[in-house]
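Chemist: Read off the chains here:
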Amino acid sequence: EEGPIKVGVLHSLSGTMAISETALKDTVEMLIEKQNAEGGLLGRELEAVVVDPASNWPLFAEKARELLAQEEVDVIFGNWTSVSRKSVLPVVEELNGLLFYPVQYEGEESSENVFYTGAAPNQQAIPAVDYLMNEIGVERWVLAGTDYVYPRTTNKILETYLMDQGVAKEDIMINYTPFGHSDWQNIVSDIKDFGSAGKKTAVVSTINGDANVPFYRELGNQGISSTDIPVVAFSVGEQELSGIDTGPLVGHLAAWNYFMSVDSDANYDFIDEWIEYTGDETAVTNDPMEAHYIGFNMWVKAVQKAETTDVDAVKDAIIGVTVPNLTGGYATMMPNHHITKPVLIGEIQDNGQFAVVWETPSTVAGDAWSDYLPGSRDLIADWRAPMRCGNYNVKEGECGASAGEQAKAAE
Amino acid sequence: MSIPRWLTFFLMVLLMTTAGTVSAQQQDQTPEALLEQLADASPRDTEAAIKAIATSGHERARAWLEAYGNNRISQVEATGRIVIVLNNRGRDWEVADALTGENLGEMSRRDLDRIAINNAVRRQLAGVLAMLDLFAKDVAVREAAALDLLGKVDDAIVEEVTARIEEEPDAGVRNRLEEALAIYQVEEQGSLDAIEVLSGSLHPRARAALNSAVASEDPARKAAAEQALASIQQKLRLNNAAETLYFGLSLGSVLVLAAIGLAITFGVMGVINMAHGELIMLGAYTTWGMQQLLPGQPGLALILSIPAGFLVAALAGIAIERSVIQFLKGRPLETLLATFGVSLILQQLVRTVISPLNRTVVTPEWMSGSLVINDALSLTLNRMYVIGFALLVFTALMLIMRRTRLGLEVRAVTQNRAMARSMGIKATRVDIMTFALGSGVAGLAGVALSQLTNVGPNLGQNYIIDSFMVVVFGGVGNLWGTLVAGLTLGTINQLLEPWAGAVLAKIIVLVFIILFIQKRPKGLFPQKGRAAEG
Amino acid sequence: MPNESLMLQIEKLNQYYGESHTLWDLDLDVPQGQCTCVMGRNGVGKTTLMKCIMGEETVADGSIRFADDVELTKQPLEQRARLGIGYVPQGRQIFPLLTVEENLRTGLASRGDGRKTIPERVYELFPVLKEMKNRRGGDLSGGQQQQLAIGRALVLEPRLLILDEPGEGIQPNIVTQIGEVIRRLIAEDGLTVLLVEQKLPFARKFADSFAIIDRGRRMAEGEIAELSDELIKQYLTV
Amino acid sequence: MSIMTELAARDRVFNFLTPTDSPVDVRHGPILYLEDVNVSFDGFRAINNLNLTIDDGELRCIIGPNGAGKTTMMDIITGKTAPDTGSVWFGSRHNLLTMSEPDIASLGIGRKFQKPTVFEALTVFENLELAMAADKRVFPTLTAQMKPKHRERIEEVLETINLQDLRDRPAGILSHGQKQWLEIGMLLMQKPRLLLVDEPVAGMTEQEMERTAELLTSLAGKQSVVVVEHDMGFVRSIARKVTVLHQGSVLAEGSMDQVSNDPEVIKVYLGEEA
Amino acid sequence: MWLTRPLQERSTQLFLGILFFALIVVTVLHLALPEGNPLHVSAYTVTLLGKYLCYALLAVAVDLVWGYLGILSLGHGAFFALGGYAMGMYLMRQIGDRGTYGDPILPDFMVFLNWQELPWYWYGFDMAWFAFAMVLLAPGALALVFGWLAFRSRVTGVYLSIITQALTFALMLAFFRNEMGFGGNNGLTDFRDILGFNLRTDATRLGLFIATGIALAIGYVVCRGIVTSKLGRVSVACRDAEARTRFLGYRVERVQLFVFVVSAMLAGVAGALYVPQVGIINPSEFSPIFSIEIVVWVALGGRATLYGAVIGAILVNYAKTVFTGVMPDAWLFALGALFVLVTVFLPQGIAGLLRKRRKSTDDGSGPSESSSTSEATA
Ligand SMILES: Nc1ncnc2c1ncn2[C@@H]1O[C@H](COP(=O)(O)OP(=O)(O)OP(=O)(O)O)[C@@H](O)[C@H]1O
Ligand SMILES: Nc1ncnc2c1ncn2[C@@H]1O[C@H](COP(=O)(O)OP(=O)(O)OP(=O)(O)O)[C@@H](O)[C@H]1O
Ligand SMILES: [Mg+2]
Ligand SMILES: [Mg+2]
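Chains as they are written, first to last, in the working numbering: chain F, 540 to 950; chain U, 5 to 538; chain P, 1335 to 1572; chain Y, 17 to 290; chain L, 0 to 377.
Simulated from the structure, these hints should not be mistaken for lab results.
Where hints are given, some of them may not hold.
Claimed, not checked - To list a few chain U residues with every Cβ distance to chain F over 12 Å, as calculated:
no., residue
1, 83
2, 104
3, 107
4, 116
5, 162
6, 191
7, 238
8, 298
9, 307
10, 360
11, 405
12, 470
13, 506
What the hints assert, rightly or not - Computed footprint of chain P on chain Y; a stretch qualifies when at least three of its residues, placed anywhere within it, have a C-beta under 8 Å from a C-beta of chain P:
no., region
14, 218-232
15, 243-250
Predicted model, so just to flag it, every value in this text is computed and none were measured.
Virtual Cβ for every residue (Gly too), placed ideally from N, Cα, C.
Can you make the complete structure from the sequences, with help from the hints?
Modeler: Here it is, written out as structure tokens:
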């Protein structure tokens, strides 16, 4: 095959998600530029094909189809929200494409065509809760989230997990708010109340996107400091913080697999490149960007290994591929299409960065199916031959229908 | 700075309480060694290291601890020198030598190792610092320190706190200290007297302590604690009601602010201005811009943003009016289409020119925190200002519409343009001025909102629907209606929220609007009579 | 007639509504200090002519000279009121949601003297307006609205008053009163009146001269006394 | 009687719904009956203990000063305004106060408004078509077809109101007087039992007034007509019985001569010379 | 009959002619030409066109109520989405035990959230006839209840517009709630087949495209039938002078209700056809901004013309597709500018432009298309 290798970039550049996704588009473009500067891939140039699905979920599917069917891209990097991934999923499966999905998500999914380079719940939520429980001594929990699948699932998993750990039901408060919720007065006041029951209390926040700014502001104004009731967030990264006056937030926590403040040479190099690429001295990096960095390098390595960009070959080649991550360790693509990641807990600082306060001793492999949900306890995913199954039921010893069908279709 | 006498005293106290952990030898440590110890300490040892610094009597000890608490202590990788980070933004940080305070200029972040701190340590640190503050001259500082100590008293400092109660001249501070002590006593010793002390307290920590006492085995303690809690609960209910009301008013005033400009451009002029949200956004970005222009003076910048935000949005409004709306006279519905286009353009403009990311708008000192009525009821200051601001803007607007010719002329022009012109009213000028006024007020709303929520390209989108809802609910063309509607909807929402949850509360409010309009098809304050039917 | 005494001199006026030609080469002189009555059947273009003078409709060509020196066709609409032309349109066109007083106050905008209050004379003429000062214009009865429209035009203290069927819907004694007021204003203030009227008795009684329009053309003009039955038969009956 | 048979014949448009055969019960005399009606707006009494009776087939003129309450009275009859107290009966069977505007209209009360209101976007022809007496419910309207006899009827009225040439032009472009005629035309199309005509000749020439007068007099007898007008010449030419309203109640009633010589009427309404 | 009348009309014949011609051309180009051929219409394009046609039908529905009845509905997205959900529920049930968790009855998201049994309102959706009936009935019933309340109390103008907006907003929030049992934010997705045809084959896609074209044709004829009937003229009368219409004996609220319900049902059909083609239905279709966008399509195409609505919907969405592809960073500028320019320079929308053309060429007075002078918000 001649001509450039096409890399599809499927991130919203307008609409509500543009805030988060624009930087990811730039990241992929930067990585491509760098790869080209290093001589391309298999002797061919890489070319980014950027489209704007405009934060519109059906449009994601349409654009994915456009990328795969019209533009015939060899791989897609894209999506942020779960719903956009769910929307795209049937398309990549049908047209047998490759999708690298860089954001932490609720798990409960493993597709043959999708590689999940963000964290699964066991790579973010559970370690964070462990930290709070063991290191801070938290006994009472507020699980606050935006009302959609990721928080719902995460909270469900956490609830089960906490109860397994002996936390009483009345020590868990669950609260959901709509997207973009901006009036937190009542909820923060409730949290304050909940926290005055005599047990150390913490908030586990899966509050999404824009809603965080007013939330943290309200926390600050109602005088809830991190020493009283710490908040550990799973969706607040450097980029979100860059829009917040972080003064009052110092000490609140976030759990990620990467922080910009991580002290490693790979990271510093990446930051330097990023700042140079964007031309903005204040530009920040964040976890999903690292996920793209890892995903991109894994794909490159897999293509080199397979010596072709052919999707099936790459799919087979990529399992087991190991590349360095930005925190000084390595990430490996697991057979369930999730990767290994370290889990870091960081505290917000007044400069909008996180200071790492805790870290898992070794990397954690992502679980496609949670051990804490009844429906998925017995499921595993393994895309190697001969199993080739995204939801193999170990108890019944058979592959779930849909995946079985796909496997058949693939042969 | 000489070592105050109290510090020696404090030192002794600490020595006594932590006897054995801090050996005499550590006393003589050089400052370098003290910092070294902090830098090298494993999580378990940090406590000792902090105490060592606190008791060292070094003149910079406090500065170190504060810097440490703020995550500002780092070690230069190559030399092992301990530095205090003065500015930690960007890739190169400005640092000063911890020992001498000498400014060492900028240093790449790569070359620095941060000395880690976490919340647990920070808590201890806060206790230690608060103890230090208890000796301050300023009563306010002492009071704050005492308040800070609530729930932070532990075995290490209990004696000292007890001692301070004796010495403390100020009654308020003394009460606080007693409360702090009582919390400790309730939690650790289950003292009945202490429960008594706490029974009037509204502070959440006190309640926490009492709650823990309720869980106790001892029936007497349990009963006493329950009784204390019950009396607190009583007071709390009242306070909660007041708080909810305040929340309602505050949400309401946000709605009013967002909608009031629209009440002019849409309500009075009849332009379905879909770009209203983006005009609000411009006001918010003006605030951000002002703060960028005046770094370090967020308060001044905010105040200057009020005229600036008005001006920027008003100019944008004039531009919209001149370039689009003037061509749509007599076609009000089409203004929807055009201004929708304008709104898309403005949004993307901000994304392209400034950034798709949210911008940081700093809340000035005097606007952050809250006005403490009592321990259970404190009114957040930023929202209080917003309520006041909303009322101010409303009054000013009301005066303009009532007292100046503009108010009369704009109504005449919208009701019958040709006739108004036949009466000699300069309709074009009236249009420009009114639209500018409405837009400017939207800008003011933006300035206020920048203190409450995100300043980003989506800001406007989040308020446009609510704004229309408020204007229409109040009755189109009626400014009072907008005020009442905004406050009503805000309050209803906040009243519902505690029991219905945020989502359901919002749904109920929307359904309420739908049903209410059935009852009053022309809003809260309808135009009655023949005139309205036309 | 000497030229100086013309308040309005219309020459070869043509007007179109889209493609339909409504006024054809129309000439009309309105002498100063007199009441000129324009007559004609329904739909011949009387109102259109008035709108052209006020500027609510644009003319295709022709000229309208006001008080000898101003070419009205070149003036924007607002300016014409400021020159001293008061207009009482057909169908009243009051501002329905403004109160009676506010309706009247709109007329203050174009007064040269910057006066801020409504001339007492208006209330004297139409006491009902004072009585209903705070009622909304749209709530008034038809005749009250008509009175309001006339009052509003008088607030400007115009030099030229254009009345398009002013008596419509007004009770007889007030119609007479309006006629008398017109005469009084002409006599006292030297007002010029351009009147559109279908009712012959009224025209005969209060107008000085007449002009008859048919299908957009001026067919006849002259002193009111010259308005013969023949003309009436020819142009005013169906 | 025939209603029952009609009810049985469900396949046809109910005749009793078409106004000409409306089951208005006029056996006891009056077709319209207002008793002790009061209306006030924000404390202002627009109608004040009004009592009025219109006989079947009568042509009644109502005059009175501006603001006397004439239009308000029509508003009450047609259901636009609800009175504070009082009763309004159409024939002896229908209590108009309990009915909605369309119900009242389909009973056979037609109205011409003081300020001509026509459907500006529709053509003159379509305006008349909509006014035509027919089953006005949704589905019959949807499936309605223009029959030749309907077309003839419209043409006839077009001729009466002299708007043949403008039949396909939107009514919005009509001059004031032309709109007046169109409204009258719409009223004719409706074939109501009772016509309420508010200032029909405002803006008409002398000659047109005569035609209108002829038209209204020819209707009387078959239909009942209530005319409100300020043009005394016109009123005189058609009037049999005249009612004078003042401040919301009847000031005088009688023949034109009686009324026009009544000093009260002269004082508040006619002025010295009438 | 009122439905056949439009068929005799030149403009409708022209419209249907163009539509069917386009359907046939696309089908032929898709089936007959090999993939490499530059004229080949790919499956991607077919689906895209299918989506445009759904939007066109939706726009026609909105134009019916806005253009002819004067009701500016800012909530028509709700009916579209309800139709879509009805179809989505059917498609979900068709997945059967092929879902990730293999539950024969419960859709994946319910298993996922620990639901034990199917909520009652999901019953019956496994049967095509029931689901398809619901496509009409669900939006129709909502429109009936909502319209009955609103029109009975004579809510008009902006008040009506805003409560329609409140309606769709409330529904959006409700459907976002996971407790509602409609999949929350993720909505319904991962469909397999429809009426036994695999949704992931090109043939099914082509079939859906053609079905949408036919639905649009029928919808257009229905709307045209209504507006050319006497009822259509009554609608215009209601639009321009509601009170006056009442005095002629028409029950304005019933006319409004009837037209509104018909329009809602058409919107529901559009939504139902949309869902299998784009592969997902989620609460964002309820978002007020989407409903406003629909109105914008209609205004851009030309209000009160029906075919204008079709043109507007197709044009705007085509522009979106093109712009988001060729200038992903700046497409909003282009789209925004398009809206502004059309409003300022083409007061009657694109249809107005066409009409002017036609007028100047043959000067025949076409069907009495009403150009509104008074607006609903006046
Ligand atoms: N906006 C318009 N567009 C097109 N034609 C119009 C418009 N306004 C008026 N016309 C037509 O122009 C002609 C003159 O109208 P105009 O209103 O000037 O009549 P008029 O002499 O004042 O009649 P009347 O005595 O009834 O008031 C009429 O035939 C009318 O139909
Ligand atoms: N909605 C209202 N609010 C206040 N006043 C009103 C309202 N409607 C009518 N009026 C008053 O009621 C009185 C009666 O009005 P109406 O229109 O019935 O008079 P009319 O007899 O028809 O007069 P005209 O001969 O001038 O048409 C008037 O004084 C009017 O101002
Ligand atoms: Mg006229
Ligand atoms: Mg009247």
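Chemist: Determine for every hint whether it applies to the structure shown.
Modeler: A quick look at each hint next to the structure:
With a minimum CB-CB distance of about 17 Å to chain F, residue 83(U) clears the 12 Å threshold, and the non-interface call stands. Against the 12 Å criterion, residue 104(U) stays outside the reach of chain F, whose nearest CB is about 24 Å from its own CB. Listed as outside the interface, residue 107(U) is consistent with that label: its C-beta sits roughly 18 Å from the nearest C-beta of chain F, beyond the 12 Å cut-off. Listed as outside the interface, residue 116(U) is inconsistent with that label: its C-beta sits roughly 8 Å from the nearest C-beta of chain F, within the 12 Å cut-off.
Every Cβ of chain F is farther than 12 Å from the Cβ of residue 162(U); the closest lies at roughly 19 Å, confirming the non-interface assignment. Listed as a non-interface residue, residue 191(U) fails to keep its Cβ farther than 12 Å from every Cβ of chain F; the least gap is roughly 8 Å. For residue 238(U), the shortest C-beta to C-beta distance to chain F comes to about 15 Å, beyond the 12 Å cut-off, and the non-interface label holds. With a cut of 12 Å on Cβ distances, residue 298(U) stays outside the contact zone with chain F, its closest approach being about 15 Å.
The Cβ of residue 307(U) sits about 17 Å from the closest Cβ of chain F, beyond the 12 Å cut-off, so the non-interface label holds. Residue-level check failed: residue 360(U) sits 4 Å from the nearest beta carbon of chain F, not beyond 12 Å. Residue placement check: residue 405(U) keeps its beta carbon more than 12 Å from all beta carbons of chain F (closest about 29 Å). Its closest Cβ contact with chain F, about 10 Å, brings residue 470(U) to no more than 12 Å, contrary to its assignment away from the interface.
With 12 Å as the threshold on Cβ separation, the claim that residue 506(U) sits away from chain F is violated: the shortest Cβ distance comes to roughly 4 Å. Evaluation of the coverage hint for the region 218-232 of chain Y: fulfilled, as 8 residues show C-beta separations to chain P shorter than 8 Å, against a requirement of three. For the region 243-250 of chain Y, the proposed coverage by chain P is satisfied: 4 residues have a C-beta within less than 8 Å of a C-beta in that chain, meeting the threshold of three.
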